[in-house]
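Chemist: Single-letter residue listing:
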Amino acid sequence: MERLTLTVTDNRQIANGIWEMKLSGCTAACRPGQFVNLMIGDNFLRRPISVCNWEDGILTLAYKIVGKGTSEMAAMKPGAAIDTLVPLGNGFDTSVDCGSALLVGGGIGTAPLYMLARTLAAKGCKVTLVTGYRNAGEIFFADEFKALGIDVLVATEDGSCGTKGFVTDAIRQNAVDYDYIYACGPMPMMKALCAATDTAGEMSLEERMGCGFGICMGCTCKTMTGGKRICKEGPVFKREDIIW
Amino acid sequence: MVDISTSLGKVQLDNPVIPASGTFGFGLEMAEVYDINILGSISVKGTTREARLGNPTPRIAECPSGLINSVGLQNPGIDAVISHELPELRKVFHKPIIANISGFSVDEYAHCCSLIDKEEQVEIIEVNISCPNVHNGGMAFGTDPVAAAEVTAAVKAVTTKPVFIKLSPNVTDIAAIAKACEAAGADGITLINTLLGMRIDTRRRRPVIANKMGGFSGRAIFPVAVRMVWQVAQACSIPVMGCGGVSSASDVIEMMMAGASAVQVGAENLRNPYACKEIIEALPREMESLGINSLKEIIGIVK
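Going line by line, the protein sequences match chains A and B. Heads up, the first sequence is in my numbering, so the first residue is 1 and it goes up one at a time. Heads up, the second sequence is in my numbering, so the first residue is 1001 and it goes up one at a time.
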């Protein structure tokens, strides 16, 4: 973990309620699935946001406006400086020997899957991304994912784009072939995913955090192997370690 | 060259800055961030007889200038702390530490303190009778002078180490509780623990914290802490460790003028992992600007 002052170079809305921020000066290397913790305005605690991409010192974040902190974040202009703790958490295990990976994202949970997809595709793994949204207006990064040359499937609850229904419906209808799963999204989505398949994999969890670097025990979750700090031992856990 | 050293009774400290229990783990994570040997000491994570997973999540709620936590004394239990956490901490922190003990009965406090008494690394035992996040324990002992004295006496009977009792601010007469602890043999007082607080998610119409209420800490509580440190320092003759909302070298000096011999930094560590380091580094300059040559000369100077 380092504390860096990053500079906003771009900050724009990319879908309903979803924004993309680019930050320069990120000299600390980030792995897919890790997160950063941002000091925004005069808020007491930092805001933990997953790494969407890290490339050539540029950190890309895709974030959803959910409250005061993220609203203030969306109002930031290029040139603004952000005190950032980076990188945090364990990230996805990209050393897994898998021929074809299934990446499943729900809503804003799709954000950390971009760098994961890019990393897996670069090492020759066949990647299928299945993303679920409430409606077509929430879809983001569609072109960016396609540019990686991976298969992309979409499910929307209202049927306004792709399969009508949930990610599990899209996986079943398209007979997706895979031997390992990476997922990030709402707990009900990941629970349904695990109920639908026995394939090995790992999932990224979230919780309200105090510090983000393992000292306050604010985000501890119960796992099959005891209490784990989502910010430190996580946010990514093997599926068999998660208690649903 | 100003003198930033201080003492807690017979215990000498290079400087008064000590991370508060529960905001620094057992030091290992922080040792990767900076050289923690610059600290005066460390009050390590509160320890109970049995291992505890703590309360359900969410355990954290943000507030203006602070936060509410409801961790609920998550810790690996006294045996694991002694066999694993303390030896690991010894590798990265070479000064004596403050062990923070919590419990649900007088027997449990005494049991844990009798075990920690044998640890050479521990120079002070801080007995937490003020945790607001557990039922039938913790704070119940800290809100009644008779119960506070009972815990103090039981702990003093099983250890020769200095015992500081960590008090709750959720009382009407803090001086009465402190005096009861002093009369029962306490070597010092740490205060304040968190203030009982609550936030409500107005969209979902339910508490933010799973346990409904939690302990409020952070910059917002600093004036309450200064007031209570001053009241206890006026009422007692044993040393006081001041705690609550400290975020700067200026706060450290203010707390010491109120009567604290050393100062704990808590919630600030959560937002700024370098908080203690920055405060220690800023202390000499702050003292010079106020014409203070030695911290010892300002302890309790405000009457």
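Think of the hints as simulated: they come from the structure by calculation, not from any bench. One should not assume that every hint holds.
Said to hold, decoys possible - Which bits of chain A does chain B cover? Going by a derived footprint, with three or more residues having C-beta under 8 Å, they are:
1. 41-54
2. 216-223
What the hints assert, rightly or not - Here are the simulated DSBU-like cross-link-like pairs (lysine-lysine), alpha carbons at most 30 Å apart as the crow flies:
3. A:K228 <-> A:K64
4. A:K64 <-> B:K1296
5. A:K191 <-> B:K1212
6. B:K1010 <-> A:K68
7. A:K232 <-> B:K1091
8. A:K232 <-> B:K1212
9. A:K126 <-> A:K68
10. A:K64 <-> A:K126
11. A:K228 <-> B:K1095
12. A:K228 <-> B:K1303
13. A:K228 <-> B:K1010
14. B:K1303 <-> B:K1010
15. A:K232 <-> B:K1010
16. B:K1010 <-> B:K1091
What the hints assert, rightly or not - From the derived model, a few chain B residues whose C-beta atoms are all more than 10 Å from chain A:
17. E1108
18. A1183
19. M1213
20. A1267
We put the CB at the ideal spot given by N, CA and C, even for glycine.
Chemist: All hints are to be evaluated individually against the structure, with a verdict given for each.
Modeler: Each hint, compared with the structure:
no., hint, in the structure
1, 41-54, "holds (count 4)"
2, 216-223, "holds (count 7)"
3, A:K228 <-> A:K64, "26 Å, holds"
4, A:K64 <-> B:K1296, "51 Å, violated"
5, A:K191 <-> B:K1212, "26 Å, holds"
6, B:K1010 <-> A:K68, "48 Å, violated"
7, A:K232 <-> B:K1091, "21 Å, holds"
8, A:K232 <-> B:K1212, "25 Å, holds"
9, A:K126 <-> A:K68, "40 Å, violated"
10, A:K64 <-> A:K126, "29 Å, holds"
11, A:K228 <-> B:K1095, "29 Å, holds"
12, A:K228 <-> B:K1303, "47 Å, violated"
13, A:K228 <-> B:K1010, "39 Å, violated"
14, B:K1303 <-> B:K1010, "24 Å, holds"
15, A:K232 <-> B:K1010, "38 Å, violated"
16, B:K1010 <-> B:K1091, "25 Å, holds"
17, E1108, "20 Å, holds"
18, A1183, "34 Å, holds"
19, M1213, "15 Å, holds"
20, A1267, "8 Å, violated"
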